[in-house]
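Chains as they are written, first to last, in our numbering: chain D, 1 to 246; chain L, 247 to 468; chain G, 469 to 728.
Hints listed in this document are in silico derivations from the structure and should not be mistaken for laboratory results.
Take the hints with a grain of salt, since some may be wrong.
Here are the simulated DSBU-like pairs of lysine-lysine, each with C-alpha atoms no more than 30 Å apart in a straight line [stated by the list, open to error]:
no.	chain 1	residue 1	chain 2	residue 2
1	G	Lys-502	G	Lys-599
2	G	Lys-632	G	Lys-487
3	L	Lys-430	D	Lys-117
4	L	Lys-342	D	Lys-65
5	D	Lys-210	G	Lys-706
6	L	Lys-249	D	Lys-226
7	D	Lys-117	L	Lys-275
8	G	Lys-649	G	Lys-496
9	G	Lys-706	L	Lys-275
10	G	Lys-502	D	Lys-210
11	L	Lys-342	D	Lys-236
12	D	Lys-226	D	Lys-65
13	G	Lys-502	G	Lys-643
14	G	Lys-520	G	Lys-632
15	D	Lys-210	G	Lys-632
16	L	Lys-342	D	Lys-30
17	D	Lys-117	G	Lys-706
18	G	Lys-531	G	Lys-520
19	D	Lys-72	G	Lys-722
20	D	Lys-177	G	Lys-599
21	L	Lys-427	D	Lys-65
22	G	Lys-531	D	Lys-90
23	D	Lys-103	G	Lys-632
24	D	Lys-211	D	Lys-197
25	G	Lys-719	D	Lys-197
26	G	Lys-496	G	Lys-706
27	G	Lys-496	D	Lys-197
28	L	Lys-423	D	Lys-226
29	D	Lys-197	L	Lys-275
30	D	Lys-197	L	Lys-263
31	D	Lys-177	G	Lys-655
Reference listing, derived: stretches of chain D covered by chain L, where coverage requires no fewer than 3 residues with Cβ under 8 Å from a Cβ of chain L [claimed, not checked]:
no.	segment
32	80-92
33	100-108
34	151-159
Glycine included, every Cβ here is placed at the ideal spot set by N, Cα and C.
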Amino acid sequence: MGKKVQEITYVDSKGKRLDGRKVDELRPIKIKVGVIPRADGSAYLEWGQNKVYASVHGPRECLPKHTANPYKAVVKFNYRMASFSVPDRKNPKPGRREIEISKVSGEALERAIFLEKFPNTQIDVNVEIVDSNAGSRIAALTAASVACADAGLPMRDMVCGTGVGRAGGKIIVDLTKDEEDAPDAVDIPIAILPNSKEIVLLQLDGVMPKKEWEKAYEMAVDASMKVYEVQKQALKDKYLNGDDKK
Amino acid sequence: MTKRIVIPGELVTEERKKLGSHVFVSEGKIYSDSMGLVNDEADFASVVPLEGKYMPEQGDLIIGVIGDEKFSVYMVDVNSFYQTAISKKELREMLKPGAVISAKVSRVNELNEVDLENPRAFFGGEIIELSPVKIPRFIGREASMLNLIKDWTKSNIVVGRNGRIWAKGGDTDLLKKAVKKIDKEAHMENLTNRMEEFLEKNAPKNGVKKEVMEEDMEEGEN
Amino acid sequence: MSFTELWDLRTDKLIAELKQGKRLDARKVDEIRKPIITEDVSENADGQARVKLGETDVIAGVKMIVGEPYPDSPNQGSISVGAELLPLADPEYESGPPREEAIELSRVVDRGIRESGAINFEDLSIVSGEKSWIGFVDIYILNNDGNLFDACGIAALKALLNTKLPKLEDHKIVKGEYSGKLKLNAKPILNTFAKIGNTVVADPTLLEEKAMTSRFSVAVTENDDITAFQKGLGGSFKIEEINAAIDLSFKNSKQIRKLL
């Protein structure tokens, strides 16, 4: 028989979580635009403990040629975690998890970028996670979206999102690793286009009745719109402060 | 009054206007598709992008860099999505990789591949890069900015729409400073006035008039 | 590429018909193909299943091995689900290391089962901290006519449902002898939808997949709990489309469970 797990209160009677946040509160997010001079567009983002660098190159000629699409640009998204970004050293070689995240993240961006304007080209989006604590894929996508705008790619909208889910019986926004380890944890990364609220990324891990999902969705949209404001401000700050690092 | 900065997907106007560049319509409202400055005129809306790759247009004067040499052509880097080939027959001289030419875009296809005509080789000088979307600011309305900078630097300057400025002679240091200033302040108003003050402040005191070596290069159109 | 052109011609017809609410195989938009589930795969497998969904044909086999538990869960065993897109199933596949499609497929099928609590991992512990059962579910695609996700999901579940546990002597497997069955506490079913234009169809065929702009999968249990989501491909979904797909999944899954 297993040891008795110490009772952890994920959300106390006052609505406070383990790190003091309220159920609908995001961790602090900071974004700096244009940090990699050689890239066409770039961003550095901190989201709680997560720290990510995103760069965009392109559109440029799509090689190998058989991966090109004659009607639109192809997004090649690389999500990579540094070996020291997690508590136990991670093998630098991309694993299956990173490959899957790269796939769904690139797909999330497709709807946001006017890909048809650049047939036969590729757009390389590279994100390196240098420190992480849950929610890194959404942090990566948030930074990547900013880097795309910084690169001057024509876009119909930004991509913003958050993790949402459950721990300790309560629906919460932006789970940390401790909360993801809760026995009843559900983790739902979700990303939307802020104007239309179209869903461009949606995954779920855990067991959740539909009614709880509906509540989680509403909270996620509200939180995502706050993320959008941070993205917007970061992009504008590059010009308002004359703070162009290129 | 400073123009409004917008990010991609941000609302430009809810009024029914004609669509200029870098905007699109969704559910009856006009949105920006780029990071840029809003031009919200009475009858049409457009956005001038602050970032972006060079989108070639027929008639553009561009500055290219010679790449690989093939049997009968040179491959030219035009700072766009693809390299383009130029026939060796069109040039009077033999060129090595890294050589600089100016040329006119004669044709652009739907894949943004370009054909070039009238290539002219440059000798000497240097290339200064400036984001293609800021080149119009470097030229200014009716070339006012470009002429101002030429007057103060006395440099021979050829401006490529593809984000490259060729310069030779004169005070190229001052020119580079001017380019940097435009890069930083392209989104701000009254740039020409501020540039005039800036050039005055930063030009060397005795303002030596340097003569242009006309046999070394040919003036491009600006 | 001539291959692409052939698809374009056929998908144009499909899209036109769909605008009038008609699918090429006469199904309604919310109708799934009836899975044909058999158990005649491999005598060496500890658990097995073959699933045909229309002409999509997949086989799954389970091998239980004795291994070491992970350090952070010393009294738990584990399962691992992998799917392989065999070159013989589709001329567009090449052999080699798993492509991102195979990886996504494997991980989504795995998630739907693992996260559902269908298997109590503590039941798989043999000696706390030292030995536990590790179940490998390997799925091979024999023929691809669309919706590999759901076909693999059913195959993996069925194979686990009939998995026998090898007999152990001194915590080592006795070949060819079995003692007991793997116990599942839930039957999560994966349901995949394709968005074509503005229509969302259930259980897409291969041609429908060629025409789709976006894909959504949801795994549900018999208690009407959601155990996995995966939005795939470019494009997007409206929340109303997601919720309608969830409701339809509850309904369709009940039909599928009767066949297991």
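Status of the hints after comparison with the structure:
1. Lys-502(G) <-> Lys-599(G): violated, 40 Å
2. Lys-632(G) <-> Lys-487(G): violated, 48 Å
3. Lys-430(L) <-> Lys-117(D): Cα-Cα ~28 Å, so holds.
4. Lys-342(L) <-> Lys-65(D): holds, 28 Å
5. Lys-210(D) <-> Lys-706(G): Holds: Lys-210(D) and Lys-706(G) sit about 16 Å apart, inside 30 Å.
6. Lys-249(L) <-> Lys-226(D): holds, 25 Å
7. Lys-117(D) <-> Lys-275(L): holds, 21 Å
8. Lys-649(G) <-> Lys-496(G): Roughly 39 Å separates the two Cα atoms, so the pair is violated.
9. Lys-706(G) <-> Lys-275(L): Holds, at about 20 Å.
10. Lys-502(G) <-> Lys-210(D): holds, 25 Å
11. Lys-342(L) <-> Lys-236(D): Violated, at about 43 Å.
12. Lys-226(D) <-> Lys-65(D): Given pair Lys-226(D), Lys-65(D) is violated - Cα atoms ~40 Å apart, limit 30 Å.
13. Lys-502(G) <-> Lys-643(G): violated, 36 Å
14. Lys-520(G) <-> Lys-632(G): holds, 23 Å
15. Lys-210(D) <-> Lys-632(G): Between Lys-210(D) and Lys-632(G) the Cα gap is close to 34 Å, so the pair fails against 30 Å, i.e. violated.
16. Lys-342(L) <-> Lys-30(D): violated, 47 Å
17. Lys-117(D) <-> Lys-706(G): Distance ~25 Å between Lys-117(D) and Lys-706(G) Cα, so the pair holds.
18. Lys-531(G) <-> Lys-520(G): holds, 22 Å
19. Lys-72(D) <-> Lys-722(G): violated, 41 Å
20. Lys-177(D) <-> Lys-599(G): holds, 27 Å
21. Lys-427(L) <-> Lys-65(D): Given pair Lys-427(L), Lys-65(D) is violated - Cα atoms ~40 Å apart, limit 30 Å.
22. Lys-531(G) <-> Lys-90(D): At roughly 28 Å apart (the allowed maximum being 30 Å), Lys-90(D) and Lys-531(G) satisfy the hint.
23. Lys-103(D) <-> Lys-632(G): violated, 36 Å
24. Lys-211(D) <-> Lys-197(D): holds, 20 Å
25. Lys-719(G) <-> Lys-197(D): Cα-Cα ~27 Å, so holds.
26. Lys-496(G) <-> Lys-706(G): Holds. Lys-496(G) to Lys-706(G) sits at ~21 Å (cutoff 30 Å).
27. Lys-496(G) <-> Lys-197(D): holds, 28 Å
28. Lys-423(L) <-> Lys-226(D): Distance of about 39 Å is beyond 30 Å: violated.
29. Lys-197(D) <-> Lys-275(L): With a Cα-Cα distance of about 16 Å, the restraint between Lys-197(D) and Lys-275(L) holds, given a limit of 30 Å.
30. Lys-197(D) <-> Lys-263(L): holds, 25 Å
31. Lys-177(D) <-> Lys-655(G): With a Cα-Cα distance of about 28 Å, the restraint between Lys-177(D) and Lys-655(G) holds, given a limit of 30 Å.
32. 80-92: The restraint on the segment 80-92 of chain D is violated, since only 0 of its residues have a Cβ under 8 Å from chain L and three are required.
33. 100-108: violated (count 0)
34. 151-159: Our answer is that it holds, as 8 residues pass the Cβ test (under 8 Å) against chain L, meeting three.
In this structure, the hints that do not hold are numbers 1, 2, 8, 11, 12, 13, 15, 16, 19, 21, 23, 28, 32, 33, in rising order.
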